[in-house]
Structure formats: C-alpha cells, structure tokens
Amino acid sequence: AQTVTQSQPEMSVQEAETVTLSCTYDTSESDYYLFWYKQPPSRQMILVIRQEAYKQQNATENRFSVNFQKAAKSFSLKISDSQLGDAAMYFCASFSYNTDKLIFGTGTRLQVFP
Amino acid sequence: DAGVTQSPTHLIKTRGQQVTLRCSPKSGHDTVSWYQQALGQGPQFIFQYYEEEERQRGNFPDRFSGHQFPNYSSELNVNALLLGDSALYLCASSLRDGNTEAFFGQGTRLTVV
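In order, the protein sequences belong to chains G and C.
Using our numbering, you'd call the opening residue of the first sequence number 18 and step up by one each time.
Using our numbering, you'd call the opening residue of the second sequence number 2 and step up by one each time.
Check before you lean on any hint, since a few could be wrong.
[Stated by the list, open to error] Pairwise CB distance ranges, derived in the manner of DEER restraints:
| id | chain 1 | residue 1 | chain 2 | residue 2 | range |
| --- | --- | --- | --- | --- | --- |
| 1 | G | 31 | C | 53 | 49 to 55 Å |
| 2 | C | 78 | G | 100 | 36 to 42 Å |
| 3 | C | 16 | G | 77 | 45 to 51 Å |
| 4 | G | 87 | C | 6 | 32 to 38 Å |
| 5 | C | 80 | G | 59 | 25 to 31 Å |
| 6 | G | 131 | C | 96 | 36 to 42 Å |
| 7 | G | 20 | C | 28 | 29 to 35 Å |
| 8 | C | 17 | G | 86 | 44 to 50 Å |
| 9 | C | 62 | G | 34 | 43 to 49 Å |
| 10 | G | 20 | C | 18 | 30 to 36 Å |
| 11 | C | 70 | G | 89 | 43 to 49 Å |
[Stated by the list, open to error] Residues of chain C clear of chain G, computed beta-carbon distances all greater than 10 Å:
| id | residue |
| --- | --- |
| 12 | 30 |
| 13 | 56 |
| 14 | 63 |
| 15 | 78 |
| 16 | 81 |
| 17 | 83 |
| 18 | 107 |
The set of hints was computed from the structure by calculation and includes no laboratory data.
Glycine included, C-beta positions come from ideal geometry on N, C-alpha and C.
Just chain G, same shape as in the assembly (with noise of 0.2 Å):
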C-alpha cells in the first residue's frame, strides 16, 4: 500500500525568502509519480509541481522546486522569494499507474507574513 506522510502542520515564512516543506512516502511501485498540489481557500487543488520517479533530476518550476530522495522515499518543496499569494494548504500525493488514484498526505498549511 501507497502512504503519504507530511510531518509539518503549519509553516510560516516572511515574504521574499525561502521555505522547505517536507514529505516523505512509502510504496512498493517501481513506477510511480510524486505532486505537490497547492489549496488556497477557494478550495481548487493546484498542480503546483510534479516528479517522475524514473527522473533522477530535480523537478523545477519557477519559484518551486524539489528535493526527490528516492532511497530516502523523501520529496520536498522548496518555494524560494515567498510571496503573499503563496499562503494555502500544500499537499503532496503520491501516484502508479497500477493503482491509478492519488495519495495525499494530510497537509501543510503555509503562512506567508509581509
């Protein structure tokens, strides 16, 4: 079975610097996919960043990246020059092809002050 582990309830960073949230996963696929997947309170979940674990490239978007530690089963994202409208519920999921659903982890609520 897929499990999806975030160990931070809230975080909170200032505005324009760097934040790192954890996630840590567990699962027996060989193939599979990781997201970071941002909620602000309008509810609509975000593709915020995505990772195939066949990559050994850390995936990059923008101002969001990713810490992918395959032996570790870690992923976490780094938001650099934090803006305001990054507050939001952030919740990273796991994906196979074999099991063709997504696992979330239940949450980090990142706070954002000026």
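Add chain C to chain G, keeping to what the hints say.
Just chain C now, with coordinates in the frame of chain G:
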C-alpha cells in the same frame, strides 16, 4: 475551457437523507475520480469512473455510489447520510491514456446536520 466544474458549491442535508453531487470534467478528459476531504485532512479516494463504469473503489461503504454519463460527466450519490459524511467532495478529471495530471474542481461542501 471551463476546467472541471462541480455543483452545487454548498449543500446542507439532514441525517438519513440522500444527496447527489455533480461533476463536469475538463474538456477532452474521459476519466472522473471522486475524493472526500474531511476538515483538516487530505483528500481520500472514493472511486473512479471511466467508460461509464466504476473502475476502482476506495475504502468507502456501499452508501456511496456513482455514475458516469456518455458525455463523461459524473454524479456521486450518498444515501442514508451520516454526520461523518460532512466534508468537501472533490472531483478530478484526467485522460485515461494521457499523462497523469489530474485537474480538480472547486468541490462541493456538504454539511450533514
């Protein structure tokens, strides 16, 4: 492209009643998945529909059922509502044979009183 649309946005029901939630997938998508997100929790997979059939199911009782129509839209039905069914219900659409990105709707907030 309107993306994934869900209706209604909010709903209040009484224990024991039945409810139907609706989802229209993103244009071009053929697969619809439903998730339940309890307050302060991550979304939990309920079931997935493709080609008008339930393809797989999460750990939810038979009170939760669904349907997919020929135009790929979908309904989630919950019978005999319990207080514990109060949650945000999210619909996600994707392309079965495409990449793995799922697009989510804004959800339906169901409150059972």
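Going down the list of hints, with the structure as the test:
1. G:31 <-> C:53: 49 to 55 Å: Holds, since residue 31 of chain G and residue 53 of chain C (Cβ atoms, about 51 Å apart) stay within the stated range.
2. C:78 <-> G:100: 36 to 42 Å: holds (41 Å)
3. C:16 <-> G:77: 45 to 51 Å: holds (48 Å)
4. G:87 <-> C:6: 32 to 38 Å: The hint (32 to 38 Å, Cβ to Cβ) holds, given that residue 87 of chain G and residue 6 of chain C are roughly 37 Å apart.
5. C:80 <-> G:59: 25 to 31 Å: Since residue 80 of chain C and residue 59 of chain G have Cβ atoms about 29 Å apart, the given range 25 to 31 Å holds.
6. G:131 <-> C:96: 36 to 42 Å: Holds, since residue 131 of chain G and residue 96 of chain C (Cβ atoms, about 40 Å apart) stay within the stated range.
7. G:20 <-> C:28: 29 to 35 Å: holds (34 Å)
8. C:17 <-> G:86: 44 to 50 Å: holds (49 Å)
9. C:62 <-> G:34: 43 to 49 Å: holds (46 Å)
10. G:20 <-> C:18: 30 to 36 Å: For residue 20 of chain G and residue 18 of chain C the Cβ distance comes to about 34 Å; the hint holds.
11. C:70 <-> G:89: 43 to 49 Å: holds (44 Å)
12. 30: Correct as stated: the minimum Cβ-Cβ distance to chain G is 14 Å, above 10 Å.
13. 56: Nearest chain G Cβ is 7 Å from residue 56 of chain C, so the label is violated.
14. 63: holds (19 Å)
15. 78: holds (20 Å)
16. 81: The claim stands: residue 81 of chain C keeps its Cβ more than 10 Å from every Cβ of chain G (closest is about 25 Å).
17. 83: holds (22 Å)
18. 107: violated (4 Å)
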